[in-house]
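Peer 1: The lines below spell out each chain.
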Amino acid sequence: MNFAFTEDQMAFRDAVRTLLEKECPPEVVRARWEGKPTEVWASLSDMGVVGMTAPEDAGGLGMDELDLVLVLEECGRAALPEPIVEHAAVVIPALREGGGKTAQRWLPMLAAGEAVATAGLGEAPLVPDADRAALLLDDHDGCLHAVEMSACELTPLDSIDRGRPLFAAAWYAEKDTKVEADFELAFDRAALGASAQLLGLADRMISMTVEHSKEREQFGRAIGSFQAVQHRLADALLRLEFARPVVYRAAYAVARPGECAPADRSLRVSMAKAYAGDAATDAARAALQIHGAIGYSWEFDLHLFMKRAWSLAAAYGDGSFHRRRVGDWLQQREDSDA
Amino acid sequence: MNFAFTEDQMAFRDAVRTLLEKECPPEVVRARWEGKPTEVWASLSDMGVVGMTAPEDAGGLGMDELDLVLVLEECGRAALPEPIVEHAAVVIPALREGGGKTAQRWLPMLAAGEAVATAGLGEAPLVPDADRAALLLDDHDGCLHAVEMSACELTPLDSIDRGRPLFAAAWYAEKDTKVEADFELAFDRAALGASAQLLGLADRMISMTVEHSKEREQFGRAIGSFQAVQHRLADALLRLEFARPVVYRAAYAVARPGECAPADRSLRVSMAKAYAGDAATDAARAALQIHGAIGYSWEFDLHLFMKRAWSLAAAYGDGSFHRRRVGDWLQQREDSDA
Amino acid sequence: MDLTYSAPEAAFRAEARAWLDANVGPFRDASSNTADGFAKLREWDRLLFDARLSAVSWPEEYGGRGASLWEWLIFEEEYWAAAAPQRNSQNGIFLLAPTLFEFGTNEQRGRILPKMASGEEVWAQGWSEPNAGSDLAGLRSRAERVVEDGRGGWRLFGQKTWCSRGAFCDRLFGLFRSDPTAERHRGLTYLMVDLRAEGVEVRPVQVLDGEEGFAEVFFDGAFVPDQDVIGEPNDGWAVAMATASSERGLTLRSPGRFLATADRLVELWRARGDRSDPAVADSVVRAWMDAQAYQLFTQQAVSVLMAGEDKKMGAEASLNKVWWSELDLSIHEAALGLLGDEAQLDSDWLRGFEFALAGPIYAGTNEIQRNVIAQRLLGLPRG
Amino acid sequence: MDLTYSAPEAAFRAEARAWLDANVGPFRDASSNTADGFAKLREWDRLLFDARLSAVSWPEEYGGRGASLWEWLIFEEEYWAAAAPQRNSQNGIFLLAPTLFEFGTNEQRGRILPKMASGEEVWAQGWSEPNAGSDLAGLRSRAERVVEDGRGGWRLFGQKTWCSRGAFCDRLFGLFRSDPTAERHRGLTYLMVDLRAEGVEVRPVQVLDGEEGFAEVFFDGAFVPDQDVIGEPNDGWAVAMATASSERGLTLRSPGRFLATADRLVELWRARGDRSDPAVADSVVRAWMDAQAYQLFTQQAVSVLMAGEDKKMGAEASLNKVWWSELDLSIHEAALGLLGDEAQLDSDWLRGFEFALAGPIYAGTNEIQRNVIAQRLLGLPRG
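Residue numbers (the numbering used here), protein chains in the order written: chain A, 16 to 353; chain B, 16 to 353; chain C, 57 to 439; chain D, 57 to 439.
I should point out that these hints are in silico values taken from the structure, not numbers from a laboratory.
Predicted, not measured: the structure shown is a model, and the values here were computed from it.
Be careful, since some hints might not be right.
Away from chain A, derived, C-beta distances all over 12 Å, residues of chain D [to be verified]:
1. V80
2. P82
3. G122
4. A140
5. R201
6. V261
7. E288
8. S359
9. G415
Here are the simulated EDC-like pairs of lysine to aspartate or glutamate, each with C-alpha atoms no more than 20 Å apart in a straight line [stated by the list, open to error]:
10. K96/C <-> E176/C
11. K96/C <-> E267/C
12. K96/C <-> D85/C
13. K229/A <-> D191/C
14. K96/C <-> D191/C
15. K229/B <-> D291/D
Using N, Cα and C, we set each Cβ at its ideal position, and we do this for glycine too.
One chain only, chain A, in its complex shape:
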């Protein structure tokens, strides 16, 4: 029994954080808002992050969700404006498991970051970052299909987060688009990936707000010395710190299918998504309230993180969707030995 990450996992996480601090500051997120290309995908590809879940013989690092969850947390902290969850957490693993020609053809390109993949697996047919992607993983009649984006008709939608633009994609399911991989697992992976990013977003917004509240003075003292501000931030931290192990536990459940039946995996992922979404939207609320009017300003960076938090909290099932899934599981389980 050991609920801890390895030194290697943490070192890789730290390296990604350092890279993103340098290469993905808020200006890069803003550039994506304005439709400009970013360089950060190439840097992440060079580092192996983009292909980390691909098999080594396809040029990847052969890593699993336990490695990935820490990395995605960092991507959330930076509000990375790229479909890293769909690409690395969903599509590559599905192709890896589904095998066949599609995998043979695409995995090396995806692992190298030369091609970008995205997915459309939510209740609503929303595909993030389809404008950046060459390959789409989507579901049809309960099955997964991989379709080249050039064969899709894309309609841009009005995403609340322009750093994560959304599209409707129309395409034709054919025999050779089918991928022999599990839809539920792909959905759980997407929800897990979003959860990890939400942790990073919550952490970032709490940090920003702590700094602000130490500096901003009202009534002759730093606002961070007021008990109301302290307790609000304490609550935000509490939610984050208890969401964290729940997300890590879900990553473990996905990474170790041998120890975990699919229903139990979905249970763990649902708990993760519910807690991480609440942690991030709560942190956003606290951050905006404590920043006051400045938090509203377009020029101030808070809204970049806040909108990503709202977007991801709603993506791949929101809190009430996932709590209902937990409730269904509780109603159906055979006895109380969970």
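Fit chains B, C and D to the known structure of chain A by using the hints.
Peer 2: Structure of chains B, C and D alone, referenced to chain A:
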């Protein structure tokens, strides 16, 4: 349009408050806990409170729910250990409307307070203060029946509030026990009466806690000067002050059937019960937290009010029962002109 | 207690409803935070003014109808039920006008109010400064007393910020520090200034929704004549505070606004049918009830105001503020909960949510309102 | 990360489960807050002790098994899943014993621990005084240094209050002011005192549930020999605080306790079927999830403690405290919500709710814990 009580209504309320401050201090509530008789019923009878809803020709004051709601608020503030809601808000009006022999016989005695009536109208068959009562109003197959307590088999139950002891009552429905009055209306009246008492209870607990927090010092200052304490009490007051007009509006709906269809009356009552229950249980929570350990002490009076609040919040439909009733109404209403 | 409307009140409701139905259409989607929308909404204010519906509670001489608070509530219910737009003139009508009625001169009222109501002159508020948000007494913008060519007045220096619609407004009202030697709450003067005057620079500020209605305003010697002082010089704090606790606490956000939004929430809920979660249903019911409670609380408060001689809300206005601002959030959160995954997309609900998030911040943060409730209504000691 | 239990851990779980199944029956409903229940629970502690299950994490020489924190968590899960009773010895085992392990002498440990674990000597805590609740540094009870007949020791004066089970306990530990001239946090000494000694009076205090386990304790010259000082005289604050931030933050309330209650909540929910409201269902799910999250947080914290050399929880213990105390309330509130009208009647759930309400108060109020989280974990400035 005038959402205000009359001078007369407020004067009567004030008189009842004065009487109860004198005749129903916490020691009287404690006496009831220990099963001892109290004198306060007789005083309230002399004042006309007990029979206020009875017709004047039966010796009552012919008052309606708008008069009653303020009086019941005061009974709540005192945690009056008597079935005043069931007696004055439920049974007397039902007999008044049902008429017949039962009314002829009982109304004068109930109006004078010589006999006590109670009722058992909740989802669970719980009859408060049956040990004090000579007459029981209960429902059977959707109809109301008035049964002499001597014809009932009573089983004492373990009430959380021994100032409001509860009983199961077994009895036989017969032709001449039937009262031609509306069950739904009787239930709404009981819920309204409980709501009014809950307002008074919330008010009392907030006042007690404000006093305590001005006097109790920790870390060299009154605990009421800490922002966390201030905001908690501010929230309790906020809930109370917004519950208040909702309860008064429900009283108006019951008192003026000509202006209000039965479904709308139930809607108003459900809102009242949901808000008043939340206001009182929230006030109880804040009170206990701010009092700290002393609030736990049997000798300290807070628990008398807290347990009454818990008891009445659960009686005649708890918050989620009543919110569901509001939800059903919203789903069924024909258009949005509420 | 009598909760029926009189025949004239009912007739007024019918008139307002009919007029709004006939006229609101082309203006419904105009946003006062865009230049085009703002221009369109000047027309809308003019239309309302011509129908004497722009400021119904004002005396007739200024373009109102001398309507009672009940009629004002009726008008607001109809206005928002008709899905009519946020008005350009709201800061003028709900913030400046009550101050003018209480502290202004007849000359000021006659000169300012009709143009305010007709949309000819649109007012921005200038409460916030970079270092004075919640702490209004921390204001630093200065007003220097001058007499030039025999004309008495003030020269302004400094910066105001978060002026709603300031990018498009004509004039601004606010407090300026006129006696730098006085204590924090003293030495402030309540002034009205022309935003087109020399020495005034207006810089638009983009906010969350990307629109540019907000502005920062910089003063570098702009002149304000004596006739544009409200109340006594150096007494601005008392003027601002007195008005803040008047009816304004009641009229800043009318129940009608939230009742209409709550009804739209119920429509959304019903339209989504089984797709919505039972737990979300409870949040819909709670939000709808909270709007009802706000209406009832307001009706109760209006009854007190109508009965009393002194029309003051006092610290009760803080209860009001906390309730409506959190109610507004509850309604929009419930709606986003109903939308589920679709809440990733922009929508009126999302924009309403962003707007609602500001509620607990502006007009005195809810933290400060709770301090006021605790200290002034409950009598707890200052920290 | 490896979340599988080793074979010895699994075997220990099986052993504990089997032993508890076989033995807990007659003790299940005993309450340590009544005289009869307390007496019965002395027997229960003795049974546990004889099976070396009373304090599994202690070294074998004191009657434990030298179990790891993982095994301790396993034992707690099984203990509460078996619906075993609250123990008489909990304050001794979870509060005093960690202090003795860190600051006690070998003589003290050998003399005190085995009797504590076997139930022979039951310990009460003496933290609170009438004027020192949250503000522990406000303690006034005095310890006067004496040497009598060549025997060094202390004479105690003053009052302790809210001593859980104090009416029935044998001994008490707590802080006493030994140097009245020192600053608030200094001049306190950590002492252990015999409640049967001369100069000690124990008065039962009835609490919410009507039971009389709590006590006030009055000291009028009771004697404590030097051997019953823990740590250095006048250094009691440091002793108390150091232990408070040790593993104790973790072990005061084990996840197993809440997991078992949450599972009973789910059973209640399933048993009530359609009678429960969908909105209540959400509260059941949230509460159950919160118990799971507490287990995971604890597993993560234990992994850190097991890896590090310095087994300190530090300020993270405050996160822990706030979570479990509010979790306990959430579980019981959800249950009362399921009971609906029946919540008017006494039940285990209602008693559990009353007990849970104390959680945010004792062991440092949650207000103080949130101050600690803000100031020590987030680095915000003191008010």
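Peer 1: Each hint: holds or not?
Peer 2: Here's how the hints hold up against the structure:
Taking the minimum C-beta to C-beta distance to chain A, about 17 Å, the non-interface status of V80/D holds against the 12 Å cut. Consistency note on P82/D: stated as away from chain A, and its beta-carbon is indeed over 12 Å from all of that chain's, at 23 Å minimum. Listed as outside the interface, G122/D is consistent with that label: its C-beta sits roughly 17 Å from the nearest C-beta of chain A, beyond the 12 Å cut-off. Remark: the non-interface label on A140/D is consistent with the geometry, its nearest Cβ contact in chain A lying 16 Å away (cut-off 12 Å).
Every beta carbon of chain A lies more than 12 Å from that of R201/D, the smallest distance being close to 39 Å; the non-interface claim holds. No Cβ of chain A comes within 12 Å of the Cβ of V261/D; the nearest lies about 31 Å off, and the non-interface call holds. Residue placement check: E288/D keeps its beta carbon more than 12 Å from all beta carbons of chain A (closest about 34 Å). The non-interface label for S359/D is inconsistent with chain A: the shortest C-beta to C-beta separation is roughly 4 Å, within 12 Å.
At roughly 15 Å from the closest C-beta of chain A, the C-beta of G415/D stays outside 12 Å, upholding its exclusion from the interface. At most 20 Å may separate the alpha-carbon atoms for a hinted pair to count; K96/C and E176/C meet this at roughly 12 Å. Only pairs whose Cα atoms come within 20 Å are accepted, and K96/C paired with E267/C is accepted, the gap being roughly 16 Å. Only pairs whose Cα atoms come within 20 Å are accepted, and K96/C paired with D85/C is accepted, the gap being roughly 10 Å.
Between K229/A and D191/C the alpha-carbon distance is near 16 Å, which keeps this suggested pair within the 20 Å criterion. A distance of roughly 35 Å separates the Cα atoms of K96/C and D191/C; the hinted pair therefore is violated under the 20 Å criterion. Restraint check for K229/B and D291/D: the C-alpha separation of about 33 Å exceeds 20 Å, so the hint is violated.
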